[in-house]
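Q: Now for the letters of each chain:
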Amino acid sequence: MVSVVYEAPDSIEGAINLLANAEIPANVLAGGTDLIIQTNGSSNESRLFVDVKKIAGMTDATIDSEGLELGPSMSCSEFTAREDISRVFPGLVESAYLIGSTQVQGRASVGGNLCNSSPAADTIPALIVNGAQCIIAGPGGERSVAVEDFVTGVGSNCMEKGELLKQIKVPAPAPNTSDAYLRFIPRSEMDIAVAGAGVSVTLDGTGTCVAARVSICAVAPTPLLVADAAAALVGSTLDDASLQAAADAASAASSPITDRRGTAEYRRHVVGVLVKRAAKIAAERAKGN
Amino acid sequence: MAKTHVSTSINGEATEFLCEPGDTLLDVLRNDLQMTGTKEGCGSGDCGACSVTFNGALVCSCLVLGVEAQGAEIGTIEGIGDNDKLHVIQEKFLEHAALQCGICTPGLIVSTKALLEKNPDPTETEARYYLAGNLCRCTGYDKIIRAVMDSAEVMRGGA
Amino acid sequence: MSEAREFKYIGQSTIRPDGYDKVTGRAAYGADLTLPGMIWGRILRSPHAHANILSIDTTKAEAHPDVLAVATYADFVELQSKSVAASEGAADVLDLARNCLADDKALYHGHAIAAIAARTERAAKDALSLIEVKYELLPPVMDVEDAMKDDAPVLHADMFTAGYEERPSKASNIAVRTEMKMGDIDAGFAEADVIIEREFRTPTAHQGYIEPHACTVRYDEDGQSMIWCSTQGHFDVRTSTAKVLGMDLGKLKVIASEIGGGFGGKTVVYLEPVALVLSKKSGRPVKMVMERDEVFIATGPTSAAKLRAKIGAKKDGTITACQGWMAYEAGAFKGSPMMPGVMTMFTPYECANVTVEGFDVVVNKSKSAAYRAPGAPQAEYAAEMVVNELAEALGMDPIDLRLKNAAKAGTQTIYGPKLKTVGLVECLEAAKNSPHYQSAIAEGNGRGIAAGFWFNIGGQSSVTVNMNPDGTGTIVEGSPDIGGSRASMQMMAAEVLGIAPSNLNPIIADTETLPYSASTGGSRTTFATGMAVIEASESVVAQVKQRAAAVWNVTAEQVDYADGVASNTAGDDKLTLAEVCKSAEQTGGQISGMANINARGAGPSFAVHICDVFVDQDTGKVDVIRYTAIQDAGKAIHPAYVEGQLQGGAVQGIGWALNEEYIFDENGVMENQGFLDYRIPLASDLPMIETIVVEVPNAFHPYGVRGVGETGIIPPLATVGWAVGKAIDRKVEELPCSPPRVLALIQNG
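Residue numbers (this note's numbering), protein chains in the order written: chain A, 1 to 289; chain B, 1 to 159; chain C, 1 to 749.
The set of hints was computed from the structure by calculation and includes no laboratory data.
For glycine and all other residues, C-beta sits at the position ideal for the given N, C-alpha and C.
It cannot be assumed that every hint is accurate.
Facing chain A, from chain B, some residues (calculated, C-beta under 10 angstroms) [said to hold, decoys possible]:
hint: 1; residue: Ser61
hint: 2; residue: Leu94
hint: 3; residue: Glu124
hint: 4; residue: Leu135
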C-alpha cells in the first residue's frame, strides 16, 4: 500500500514549495476521488499529498460579465448548485454533474477531473468548447494554457514539477451562444464515459449557426477539439445533413480503443451520435438566450 | 511512520483519533473508533455502503482521508435516530420492508436523509438518480424508493 | 396437510425482529468483529490464469518484523488426516483445499497462493510482495468451446470424463457428461409441424453481494477453535473447514454473523481454513476480509454456458419434442451446476419426448459457486427463447402456447418424479390478466415473456422453542437470515402458540447450541426451518396441555388449546400460556419444544415474468420500461418479504441479461473486477417491479409454504432477451444485451 505523507498548506506559495521540493512523488489532493483509490494498490511507495482545499480561492467560483473564474477544487456538488453559472454554461455544469454518484459529487472537482487527465474526463470537452483557460502557478510564476492544450497524453498534462492548477477561467460567451455535453454510458449513472461530446454554438437571428466548437472524449488518448465538426455546423441551420456531417467528422477524428467499456467501432459510431444530439440541445438553448 | 492526531466532530460529539495519513475515514471509523455501522462494500467509491456526511455533503468515506477530517463535522448512521426513537426514514425502511440483508441499509439511510434535506419533495426519478450511488443487490430498489417517497411525505408534514 | 384457512398472524407484513439493529448500523456482519490481540490476514493471489507453481519462498515475508505467520497448501497437507484422504468425497475435499490455497498449479487469475498474518492490515498487504513465487506459465483456457477441443491444454492431468460407458483414455477438461431422456425424441420431432432450434450463450456472472467475504477466527492451544464469519450455512462452514484441516467437528465452533448477501455464493469456504491455520501458527486471533476485487476474481461466479435448444410442436401448439444441449464452465475445479440445468430446462412443459445432454467443463476461471437456482437460469433461458419463437412461428400468443403445454399435477419430469400440485397454470393466467400484459406495447418498445421452474429443497433443520416463566419465548434456529426469515419464524411459532409474534424472539444459534441445520439456500428456510419451528411449537403446546391436564386432574386429550389459552373440555377451567409457564417449575420444569427434522415435500415454485423495453436504435442502449414478476409462493407467510424475493431475483436477472459479464484480457486476467465495470443494476436503471404473488398451497407444509427465493432469477434472462429482440426486430442469442452487442445486431441484421 502507498505510504502517504500529508500536507495542507494555506497558500499557493506554500503548495508550490512543497510540490517543487518534494523528494518523493507528489500529488495535489483536491476531492481525492481518483487519487485516494490509487493508495490502495500493491505498490509499496511513499507519496506526498498536498491538500489544496485550505487555500483561499481554490474552492470558490465567481461569475460576472467577463466570465467565470472557477476555483479548481470546488466540489461538483457546490459547483452544480450554482444557478448563476448554469444559466450561462449549462453544458459545463451538466458535464460536472455527470461525474460519478452523488457521493463522488460531494468531493470531486472540475479541476481534479481536468488534472487527472483521463481520456474520458467528462468536464474537459465542455471546458474546451467554452474556450476555457487554465491558470497554472509554479516556481517560475503564473502561465495560462488553453484547455485544449492542457492534456498531453493518457493521464498526463502539461504541468511541470512544482506546478499546480490555480484557476480555470471561462470567458463569457457571445450573445445567442450556448453549450451542451452528452456522454454515453451503458447504465444510467456511475459509469465512465464510453464516448462523450461537448458542443457550443452561436446562432444569428435567423437560426443559422455562425460559430461553433465541438470537442469529444473517450475516443482518443486525449480529449479532442474537432475543427472539422465545427466547420460542418457553421453556416448551417443545424439541419440533418450538417449534423450528420459534424458527426462523421467527429467519428473520423476519433482513434478509439477497444477495452472493457466499449469496442473501437462502437465508440467511433456513438461519438458521432452524441455530437448530433449535443449540437441540437446547444442550439435549442442558444435560441432561448 | 508516526501517526497523525486528528480532532474532529462525529455526530455532534468532539472526537479525537490517531491515524496513518493514508488511512481512509472509513478505516478510521470502523477500525479505530469501532463505529462499524458504516460498511465497506468496495473501497473505491462505487457502492455507497460507506456513505457519511462531511460538512453537510454526502460522500463516500472510503474516498476521504482520515486526516482530512480535521476540524470537520462528520455524520454517520450512528447519529441518525436515538435510543428511544427511530428517525422517520428508519421507520419507513422497516415498514416498507426496504431491506433484506441490510448491508446497504446504513449507507442508504444516510443518503436518504441527505437527499431529503436538500430536496424535501423529490420525484421518484430524482430519488432514484440521487441514490444511484447506493448499490443494493437484494431488493431491486422498489421498496427502498417507496420508503424514501413515504419518508419525504411524512417529513414534509403530510400523511 | 394444509387447506385454505384463516390465519391469525400468518400473512401479515410485520416489522422484522432484527430490523432495529439493521437500520441503526448495530447489526454485526462478518467484518464487524474485533477480538483482543487480533491480527490481520491477507492472501497472495496468482496474477496468472494458468501456471505451474515451481516454488514458493516465504522466508523474506516471515522475516518481516510485523509478520506473525505465513501459510501455504503445505499447511493443509500436514493437517489432513489419512482417513480424510481415503474417505468418500475426498476428491471434493482436496478440490476445496486446493482452491483455498493452491497446490502445485495456479488455475485462475486470483487463485490463492499463500497467506500472511501481520499486526496491521497494511503490514499484511505490504508483506505479500515479499513472498517469492516462481511460475511456469501455461496457456490459459477461457471458454467451454476451447476447453472441449481435443488439443486443449488440460487443467488437471487426472481428469477423465465421467458419464461415458467407457472411461476415456485421455485426460481432458470435461469433468462430467450427463444425459437425461424420456420417450422417443426422433419420433417426437417427426410428429412436429414446426421445429425451432437455436444456439445461445450466457456470460460468467457474479452473485454480486455487497458484503465481501469476511471472518474472524481463533485457534486455541487445545485445538478448540472459533470462527465468526459471514455465511449462508455455518454448519457447513464447520464441516468443510474441519475436513480441510483434519479437525473433529466438536473442536470447531462456528458463529454466523449477519450476512450481507449470499445468493448461493456464501455456501462455500474460502478464507476460514486459511485464517485458522494463520491463527494456529501465530497464536493470535486472525481477521480476514476480502477486498472487492478479490471477491470478483476468487469467489463465485456462476457458470458461463453455451446452450442449444430445439423444440418441435404441432400446428395446434402441442409440443411434441424437446432437445437440449449445454456445456457449463465449472471454473478451475469440477462442479458446475450443469445437472440442475439439465433437470429444469424443459420442466415447465408437459412433453413425452425429451432429451437433454450436459457437460461440466473446467476452465481457467474462479471455481463456480451456486447462484440463485444454480444452473437453471442459463438452461431455461435457452428453452424459453425457443418457446417464444415457436409461439411466433405458430401465430400463437406466447402465454397461450405455454398454457396449452403447462406442467401440472401428474406431469412426468425428466429427472424422475411426477410433479405434485403446482401453480404454473395459475401464474400464466395471472400474467395474461395482469395490467401489464393487458396494456398496449408502446410504439418502439418490445415485450418479452418467460416462465421459470425451480424444485426447491427441504433438508435438515433443527429448532428449539424455549419458553420463559413469563410466557415469552425464544425461537432458537440455525438458518442464517439473509432476507428477513426471522420474521416468518416468529409468525409461524406465534400461529401455533396463539400469542402475538412480538412475544417470541427468534435467534440464530451457533453450531454448539443446536444440531446440524443445512445452509440457508435452495429456498428451504421458510419451508424446512419453518416446518421445524411449527413442530417445535406444537411440542410446546403438547407439553402445555400435559401440564394443564395435571393441574386439572384430567387427561391431556381433554385439554384444548387455542389462541394462547388451554381449556378444560371436561370443566370450566382455563389457563393462559403465560400462566402455565409461570408455574412450570412446579409442574415439572421449564417448557421447551424441539424439532430436528429432515424436511421432505418441498414444493416447486413456478414463475412467469413480463418485461417491456425501449431500445435506443442509435446506441443500442436498453431501458427497462415496465416489469412484472408473477410467482407461486404456496402461502406467503410475510407478503412483503415474499415480494422482495421476487423483485430482487428479477433485478439480478435483469442485470445478467443487460450488462453483467466477466471481461478477460488475452492472458485470462479479469479486467472488470469492481463495481465500476462489473455493472449491476442501479436504482436509476429501473422502474418499480410489479409483483403478483400466486398462492397454490404446497400440501406438504402445514401452512402451504413453497420456497420463493430462487425461481425469480430464472425468467428475466429470456423475458428481457426476447423483449430486446422484439424492440429491434432481431434474434437475440448472446447475453448480456450490452449496448455494443445490441447495436451490432441492429446494424448487421
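Q: It remains to establish, for every hint, whether it holds in the given structure.
A: Here is how each hint holds up against the structure:
no.: 1; hint: Ser61; verdict: holds, 9 angstroms
no.: 2; hint: Leu94; verdict: violated, 24 angstroms
no.: 3; hint: Glu124; verdict: violated, 13 angstroms
no.: 4; hint: Leu135; verdict: holds, 9 angstroms
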